[in-house]
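J.: Residue strings, one per chain:
There are 2 protein chains.
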Amino acid sequence: MKGTVGELGEFGLIRELTSRLTTTPAVRIGPGDDAAVVAAPDGRVVASTDLLLEGRHFRRDWSTAYDVGRKGAAQNLADIAAMGAVPTALLLGLVLPADLPVTWPTELMDGLRDECRAAGAAVVGGDVVRGDTITVAITALGDLRGLEPVTRGGARPGDVVAVTGWLGWSAAGHAVLSRGFRSPRAFVEAHRRPEPPYDAGPAAAALGATAMTDVSDGLVADLGHIADASEVRIDLRSAAIDVPTQMSDIGKAVGIDPMTWVLGGGEDHAIAATFPPDVKLPARWRVIGEVLPCAVARASAQPQVTVDGVPWAQAGWDHFSGIEDAQ
Amino acid sequence: MKGTVGELGEFGLIRELTSRLTTTPAVRIGPGDDAAVVAAPDGRVVASTDLLLEGRHFRRDWSTAYDVGRKGAAQNLADIAAMGAVPTALLLGLVLPADLPVTWPTELMDGLRDECRAAGAAVVGGDVVRGDTITVAITALGDLRGLEPVTRGGARPGDVVAVTGWLGWSAAGHAVLSRGFRSPRAFVEAHRRPEPPYDAGPAAAALGATAMTDVSDGLVADLGHIADASEVRIDLRSAAIDVPTQMSDIGKAVGIDPMTWVLGGGEDHAIAATFPPDVKLPARWRVIGEVLPCAVARASAQPQVTVDGVPWAQAGWDHFSGIEDAQ
Numbered sequence: 001m002k003g004t005v006g007e008l009g010e011f012g013l014i015r016e017l018t019s020r021l022t023t024t025p026a027v028r029i030g031p032g033d034d035a036a037v038v039a040a041p042d043g044r045v046v047a048s049t050d051l052l053l054e055g056r057h058f059r060r061d062w063s064t065a066y067d068v069g070r071k072g073a074a075q076n077l078a079d080i081a082a083m084g085a086v087p088t089a090l091l092l093g094l095v096l097p098a099d100l101p102v103t104w105p106t107e108l109m110d111g112l113r114d115e116c117r118a119a120g121a122a123v124v125g126g127d128v129v130r131g132d133t134i135t136v137a138i139t140a141l142g143d144l145r146g147l148e149p150v151t152r153g154g155a156r157p158g159d160v161v162a163v164t165g166w167l168g169w170s171a172a173g174h175a176v177l178s179r180g181f182r183s184p185r186a187f188v189e190a191h192r193r194p195e196p197p198y199d200a201g202p203a204a205a206a207l208g209a210t211a212m213t214d215v216s217d218g219l220v221a222d223l224g225h226i227a228d229a230s231e232v233r234i235d236l237r238s239a240a241i242d243v244p245t246q247m248s249d250i251g252k253a254v255g256i257d258p259m260t261w262v263l264g265g266g267e268d269h270a271i272a273a274t275f276p277p278d279v280k281l282p283a284r285w286r287v288i289g290e291v292l293p294c295a296v297a298r299a300s301a302q303p304q305v306t307v308d309g310v311p312w313a314q315a316g317w318d319h320f321s322g323i324e325d326a327q
Numbered sequence: 001m002k003g004t005v006g007e008l009g010e011f012g013l014i015r016e017l018t019s020r021l022t023t024t025p026a027v028r029i030g031p032g033d034d035a036a037v038v039a040a041p042d043g044r045v046v047a048s049t050d051l052l053l054e055g056r057h058f059r060r061d062w063s064t065a066y067d068v069g070r071k072g073a074a075q076n077l078a079d080i081a082a083m084g085a086v087p088t089a090l091l092l093g094l095v096l097p098a099d100l101p102v103t104w105p106t107e108l109m110d111g112l113r114d115e116c117r118a119a120g121a122a123v124v125g126g127d128v129v130r131g132d133t134i135t136v137a138i139t140a141l142g143d144l145r146g147l148e149p150v151t152r153g154g155a156r157p158g159d160v161v162a163v164t165g166w167l168g169w170s171a172a173g174h175a176v177l178s179r180g181f182r183s184p185r186a187f188v189e190a191h192r193r194p195e196p197p198y199d200a201g202p203a204a205a206a207l208g209a210t211a212m213t214d215v216s217d218g219l220v221a222d223l224g225h226i227a228d229a230s231e232v233r234i235d236l237r238s239a240a241i242d243v244p245t246q247m248s249d250i251g252k253a254v255g256i257d258p259m260t261w262v263l264g265g266g267e268d269h270a271i272a273a274t275f276p277p278d279v280k281l282p283a284r285w286r287v288i289g290e291v292l293p294c295a296v297a298r299a300s301a302q303p304q305v306t307v308d309g310v311p312w313a314q315a316g317w318d319h320f321s322g323i324e325d326a327q
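Residue numbers (UniProt numbering), protein chains in the order written: chain A, 1 to 327; chain B, 1 to 327.
So that you can see chain A by itself, here it is in the shape it has in the complex (with noise of 0.2 Å):
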């Protein structure tokens, strides 16, 4: 594809973006009418929307449309399957600048695609319009399948903390790139295009999860989510907690203790659940802690999240704080 987006023009483009699609056999309406029609043969319907703002979510020297495509659709599937549904279908709103290559949004629809693909999904329909900032905007759709949507909520006393997936890989492939590295590989890649274990979700659903999240915004900082709406503390274990050897060694190259990546770090889209303490987890499941009460009426100063008994100091992203780089 030769061209600008202002140059193939709205229609033109469309044709092009949705050309690339693949389809599975919940989607029962795509791209072309007013509206997408997707099976809910649950009854339920599972749905979550994010943005991604260029040079705020992702710059285009660090990663490629494709790799942006990967990772927004990866991290609104997370949503889904962070819920204990399978994720069924997704939508996209675009804004493009008139003189970006038609390449860039092609691009990006083949890694939403593929994205979407190895997460069981497809892509239904949106919407494009010219504007100053690339701005992706996706919504995610899922099925729960007949079980009971695992919230933030219901985590007790007593349960145990487990996680699977990444943890750390996205912050310390982001302080690779934040110093003008483009290696070690791994590290960058985890930070282009996350790897969430979708289907971790519905599996810790259907073992009984008292309370799950994705983790989008850091461990302790998801946890506290987690510790927020069941009016619970936990407690992490830092011994359960493994920092890869490689990891270490980009902490002590860059003066950064790795554990900032693993406890702080979001992005990965690792799942992180909370589980009946007698539950037989599956060996993908690491257990790193434990959900205690509250301590009398809690004080708003108490930590919701502690590690090995100890407040720990990083709190996450605030999208608004003005703290974070483009990540």
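Derived by calculation from the structure, the hints in this document are not laboratory data. No residue lacks a Cβ here, since even glycine has one placed at the ideal position from N, Cα and C. You may find that some hints are simply not true.
[What the hints assert, rightly or not] With the C-beta cut set under 8 Å, the calculated list includes, among others, these residues of chain A facing chain B:
1. Pro31
2. Ala35
3. Val38
4. Pro41
5. Val45
6. Arg56
7. Met83
8. Leu91
9. Gly93
10. Thr213
Given chain A, work out where chain B should sit, using these hints.
T.: Same frame as chain A, now just chain B:
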């Protein structure tokens, strides 16, 4: 609410926005978790997404935040109705500058909530991020209640073309505002806050509509989409299409043929549908034309929609062509 979005911070803003929402029995899990859960009793879910950008789709000096909320919700909920479905839920992605007064997003949310309520739906989730251009990304969901979705592709030669709702009012209001006037109020209000006939969509499906769309790009353009998808032609009878006296008066005042607005103006979100010729339509529907077969192998030059048998020039908006300004 005093202060700016940046001062309030992400979590404070989300609390403020979600505190304004109302719910419905279809909302099983609302905002605040990884994803929302919404009833989809039909076993299929209808979904559509749209973007509104400041300066392109709305202007803060022409429309209040409340009106932008109502209009943004309306254009998405109308897409759901135009498939023959009942709107159930809406998800919201918001890009906001840090220096924006908090009252803007809170009033936007009031507008979204109220328009959802008018359609029987509720806001169930969203995302807010900081950015330079106010951007409102909306995804609407709906339920078919056992009826088959009505696409754009089912019109057959011999069918009648009927419409319900307002035509050209928003475009006339836009013309008034473009010239620096604030009245006549009825047209300015129609531009700021369309009133789609939501219930007409499922009603048309129940009446046996063969094809349907909402009028968002303009009557001729949107019927062109039906003609294209159905591989038919459509001829409209100008005598069947009313131009209100007051609209004619504005046309004379600004030197524009008001039929330009009625046939070419979008954003009123009227519902246009085709029906078998023997259908008994309730009084709200105006029969304005008929569906004709395509002549032989359709030449691409052949107009798909004619008025009294002759082509009508205005082809609706191409959102990348740059011909339209902020609406």
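J.: So which of the earlier hints does this model not fit?
T.: 1
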